[in-house]
Amino acid sequence: MELIAAKKVIIITEALMEQQVLSLLKAQGAEAYTVIRNLTGQGVRGVRSGQCLAGFCENVRIELIVKEEAQAKALMEAVYNKFLAEKYAGIAYLEDVRILHHGKI
Amino acid sequence: MWEMVLAGLFAPPILFFVLGMVSVFVKSDLHIPPAMGTAMVIFLMASIGITGGAAAIESLKADPALIGVIVAIALLAMFLGPFFAFMTGTLFKKFMRTADAWACAGHYGAVSSATVALGVALASEAQAANPAAQIFAGWMPAVYPFMDSSALIAAIVLGRMALINEQGGGEKADIKKVLHLTVFGMGVWVLVTALFIGMLSAVYSPGELSRALLFFDGMFRGIICLFMLEMGLAAAKQIGALKELGKHAVKALLYAFALPQVWGLVGILGAYAIHLAMPGKLFWGDAFVFATLAGGCSFVTAPAAMRANMPEANPSVYLPMAVALTFPFNVLIGMPMWMIVSQILWGAA
Chain A
51 MELIAAKKVI IITEALMEQQ VLSLLKAQGA EAYTVIRNLT GQGVRGVRSG QCLAGFCENV
111 RIELIVKEEA QAKALMEAVY NKFLAEKYAG IAYLEDVRIL HHGKI
Chain Z
31 MWEMVLAGLF APPILFFVLG MVSVFVKSDL HIPPAMGTAM VIFLMASIGI TGGAAAIESL
91 KADPALIGVI VAIALLAMFL GPFFAFMTGT LFKKFMRTAD AWACAGHYGA VSSATVALGV
151 ALASEAQAAN PAAQIFAGWM PAVYPFMDSS ALIAAIVLGR MALINEQGGG EKADIKKVLH
211 LTVFGMGVWV LVTALFIGML SAVYSPGELS RALLFFDGMF RGIICLFMLE MGLAAAKQIG
271 ALKELGKHAV KALLYAFALP QVWGLVGILG AYAIHLAMPG KLFWGDAFVF ATLAGGCSFV
331 TAPAAMRANM PEANPSVYLP MAVALTFPFN VLIGMPMWMI VSQILWGAA
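Listed in order, the protein sequences are those of chains A and Z. All residue numbers for the first sequence refer to my numbering, where the first residue is 51 and numbers rise by one. All residue numbers for the second sequence refer to my numbering, where the first residue is 31 and numbers rise by one.
Hints listed in this document are in silico derivations from the structure and should not be mistaken for laboratory results. No experiment lies behind these values; they were computed from the predicted model shown. We treat Cβ as the ideally placed atom computed from N, Cα and C, and that holds for glycine. Treat the hints with care, since some could be wrong.
[Unchecked claim] A short, non-exhaustive set of chain A residues, derived as facing chain Z with CB atoms under 7 Å: (1) Leu66; (2) Leu103; (3) Ala104; (4) Phe106; (5) Tyr130.
[Claimed, not checked] Under the rule of at most 25 Å between Cα atoms (straight-line distance), these lysine-lysine pairs were calculated in the BS3-like manner: (6) Lys202/Z to Lys132/A; (7) Lys137/A to Lys206/Z; (8) Lys281/Z to Lys124/Z; (9) Lys132/A to Lys91/Z; (10) Lys202/Z to Lys137/A; (11) Lys137/A to Lys273/Z; (12) Lys76/A to Lys207/Z; (13) Lys206/Z to Lys76/A; (14) Lys76/A to Lys123/A; (15) Lys123/Z to Lys277/Z; (16) Lys273/Z to Lys76/A; (17) Lys137/A to Lys123/Z; (18) Lys273/Z to Lys123/Z; (19) Lys137/A to Lys76/A; (20) Lys311/Z to Lys91/Z; (21) Lys137/A to Lys311/Z; (22) Lys76/A to Lys132/A.
[Claimed, not checked] What follows is a set of in silico ranges between Cβ atoms, one per label pair, in the way DEER data are often shown: (23) His210/Z to Val147/A: 53 to 59 Å; (24) Arg148/A to Ile72/Z: 56 to 62 Å; (25) Phe55/Z to Leu144/A: 43 to 49 Å; (26) Trp219/Z to Gly153/A: 39 to 45 Å; (27) Leu209/Z to Ala77/A: 21 to 27 Å; (28) Lys273/Z to Leu150/A: 47 to 53 Å; (29) Lys206/Z to Lys76/A: 18 to 24 Å; (30) Lys76/A to Pro309/Z: 54 to 60 Å; (31) Ile72/Z to Lys76/A: 27 to 33 Å.
Excised from the complex, chain Z in its bound form (with noise of 0.2 Å):
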């Protein structure tokens, strides 16, 4: 078990992102253009997405009741979503300042590609380095919209809804426009569409599928190492952001890293109950990418989603909590924790 933790803490892309965070504190002027940064994005996403639709397509063949297990995991995500948001914000309340509180809470229900992005490369390096068992079906990284949608509403619907108390007046949440993000925003929208050709390819066209799976298999190890060096040149850079927390920093700092982890872990109980029920069709490494789903801090959909609807908010606030605090601990701890937790679980370890 311990030699997985240390090939996960060790391997490239952890430690592509720990260069970028290395190369802001020595001043490179290393830095990744805009146009590229989005080219990964497209790239990434879409070969979630297709890999993940083929994989989805496999295991249904191979057991169609997995679509029950789907399901539940859909709805699982879709209740827990608004469930993290909620329960930040309520906490966040309580030394925040509400458009803050609920704007945070907005980004910790939400989901975050990238950590999603990390799970799945760990998760399928686990799963290739054991072909004989079964860890990593592939398929959970479509359920990511149900949880990031409703998390994204739920923050803004609540935070507006404060705001209106506290104020005594003012505007309502517009839920269409943040339906509208969650759902066909860049990101999402390839993962998902890309979903849907992987499964359709694979029903149809599964010659012409493995080739174009070259690429965007292929590439996928590589391009994930150049994502987190970009992860973490923008991790690095918004520490200096974290000064305008103020005597609230150490609070913040306490919650940006504990409260993912108790997400994630919330989210491998949840996908174990529902192994539980329903046993021999959710693994560990599902689990593992589930909890990435769960503990990961958006902050790229949240943040343009947030500065949009709750522009009472402080950018400062949330955006260094999501990417200078939050997102290397999950990377670095949160990681091996939920691999490890998932493992014992169920019974690898």
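Looking at chain A on its own, in the form it has when it is part of the complex (with noise of 0.2 Å):
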């Protein structure tokens, strides 16, 4: 097996946003995300310490894998419109990696 370029999509934003986020992008035509929670952290809105009530001052983690940059830019500017850019704290961000090839992206 080869191993073929692709693009992975980082979308770190508040964890109560998380199944609006994911909506948008399924929307999008994303059919396959990984999550990851229980963040915390720090950015220009203020501190996501981890420990108010009900998951609110936490964040989520979504990657997504997508084999073209105009693809993953398309992903990423969908998010940022509706999310990130005034309401919620957040950042989007691309990384390039290679996966093993198992044609189903």
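Assembling the complex is the task here: the two chains are given apart, and the hints tell you how they should meet.
Right, here's the structure in full:
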């Protein structure tokens, strides 16, 4: 099997918004993703201490693998425009990865 | 009467609450893991629901006309929720940004499960100490969703309308989403469904129900202590965020302390009016729990609803006000006061 080049989109945002961001990504055609929870940190909007009640001061990290940069950019822009531009804390960034080719992306 | 107040103030749940706050001040690493927090909420809501449902059936069997009072209280709750939200928003708008004012309005109109759970604990304690007297019938928590949904919907609709007016455009309120959250959100959903379970089991399977109640009723007193410990920790941790209130901190502090007490008293007066119209069915413990419904300031459902529907509002305003200011004041000052007023009105003092 070969290693083929792909792009990984990473979105970090408020835990409360997880379901809404995932809905948007699915509506944009994303079919597979990974979610990592219980993240803490800090940004220009303040500290995410993870010590509030009911997931309030926590973040989530959503990762998706897509083949083309154009696809990746479209996903990132959709999430940015709807959530990150003004309303909610978070960031979207892109990494280059090489995945073990399994023919499913 | 004073013995009852002292008994209330030095009850284990209150002391655990104080312990939680002290633990943060002394920088202990004591913390309640999130999963445990969720487990406690599920247990407490299920416990209040199932014992409330069983109690409701008992009371209805003894006096079927009680249903009239329950409907009246539910309608009163459905009115008071938006009323409190509207008054709070209008008051707060005078010194807060529009978005923050209406976000807080939702918090003060909606219901706090923690406050109600504590109210139920204290009321059932008073009933258990006086088995002969009629103090707390147990069904009052059932009207929770009537006040909670209506208040949050009102606050969000009014808030989004105000923002549209201010900005000349913007998103409208998504009422369906808010309704879904306030009816099917974990806490209230477990409470209401457990209530129906309690009622059904009480009618058709009382033997099994009484065995289940050994767990749900038996463990309630202890779990609420650990729950109040978590609340104390949360309240003290939010105190730091208070400085973000800036120059309005003093006004916000006064309102955070005073407003819920007034709403609680309004609740008691409303319950008293219903009691005068239909005497012999509503008791001071019921009115006291209604006060906790009215005066409590939501800090789990409302913040989530506001973050989703009013992202323009600053969580560092509404969260610390509800958690660090109002809840401790309600626990230490509000509860005893509402208890005394209920007892005086009902002539039990």
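Results for each hint:
The restraint placing Leu66/A at the interface with chain Z holds, with a minimum CB-CB distance near 5 Å, inside the 7 Å limit. Satisfaction of the interface hint for Leu103/A is found here, the shortest Cβ-Cβ separation to chain Z being roughly 5 Å, below the 7 Å cut-off. Contact between Ala104/A and chain Z, as hinted, is supported at the beta carbon level, the nearest pair being about 5 Å apart and thus within 7 Å. The restraint placing Phe106/A at the interface with chain Z holds, with a minimum CB-CB distance near 6 Å, inside the 7 Å limit.
Look at Tyr130/A: its Cβ only gets to about 14 Å from chain Z, farther than 7 Å, so that hint breaks. The suggested pairing of Lys202/Z with Lys132/A holds, with an alpha-carbon distance near 15 Å, which does not exceed 25 Å. For the hint pairing Lys137/A with Lys206/Z, the CA-to-CA distance comes to about 20 Å; that is within 25 Å, so the pair holds. The hinted pair formed by Lys281/Z and Lys124/Z meets the criterion: a straight-line CA distance of about 10 Å does not exceed 25 Å.
In summary, the hint linking Lys132/A to Lys91/Z is not supported, as the alpha carbons are separated by about 54 Å, beyond the 25 Å threshold. Distance restraint check for Lys202/Z and Lys137/A: the Cα-Cα separation of roughly 15 Å lies within the 25 Å cut-off, and the hinted pair is therefore satisfied. A hinted pair counts as satisfied when its Cα atoms are at most 25 Å apart, and Lys137/A with Lys273/Z qualifies at roughly 22 Å. A hinted pair counts as satisfied when its Cα atoms are at most 25 Å apart, and Lys76/A with Lys207/Z qualifies at roughly 19 Å.
Simply put, Lys206/Z and Lys76/A have alpha-carbon atoms about 21 Å apart, close enough for the 25 Å limit, and the pair holds. Under the criterion of a C-alpha separation no larger than 25 Å, the hint pairing Lys76/A with Lys123/A is consistent with the structure, at around 15 Å. At roughly 15 Å between alpha-carbon atoms, Lys123/Z and Lys277/Z fall within 25 Å of each other, so this suggested pair holds. In summary, the hint linking Lys273/Z to Lys76/A is not supported, as the alpha carbons are separated by about 40 Å, beyond the 25 Å threshold.
A distance of roughly 21 Å separates the Cα atoms of Lys137/A and Lys123/Z; the hinted pair therefore holds under the 25 Å criterion. This hinted pair checks out: Lys273/Z and Lys123/Z have alpha carbons roughly 19 Å apart, not beyond 25 Å. For a cut-off of 25 Å, the pair hint linking Lys137/A to Lys76/A stands: about 20 Å separates their Cα positions. Proposed proximity of Lys311/Z and Lys91/Z is supported: the alpha carbons are some 13 Å apart, at most 25 Å.
This hinted pair does not check out: Lys137/A and Lys311/Z have alpha carbons roughly 49 Å apart, beyond 25 Å. Restraint check: the Cα-Cα separation between Lys76/A and Lys132/A comes to about 14 Å, which is no more than 25 Å; the hinted pair holds. Take His210/Z and Val147/A: their Cβ atoms lie about 37 Å apart, and the range 53 to 59 Å is violated. Take Arg148/A and Ile72/Z: their Cβ atoms lie about 44 Å apart, and the range 56 to 62 Å is violated.
About 44 Å separates the C-beta atoms of Phe55/Z and Leu144/A, a value consistent with the hinted range of 43 to 49 Å. Take Trp219/Z and Gly153/A: their Cβ atoms lie about 42 Å apart, and the range 39 to 45 Å holds. About 22 Å separates the C-beta atoms of Leu209/Z and Ala77/A, a value consistent with the hinted range of 21 to 27 Å. With their beta carbons about 51 Å apart, Lys273/Z and Leu150/A fall inside the hinted range of 47 to 53 Å.
As the Cβ distance of Lys206/Z to Lys76/A is approximately 19 Å, the hint placing it in 18 to 24 Å holds. With their beta carbons about 57 Å apart, Lys76/A and Pro309/Z fall inside the hinted range of 54 to 60 Å. Between Ile72/Z and Lys76/A the Cβ separation comes to about 29 Å, which falls inside the hinted range of 27 to 33 Å.
Comparing the model with each numbered hint stated earlier shows that hints 5, 9, 16, 21, 23 and 24 do not hold.
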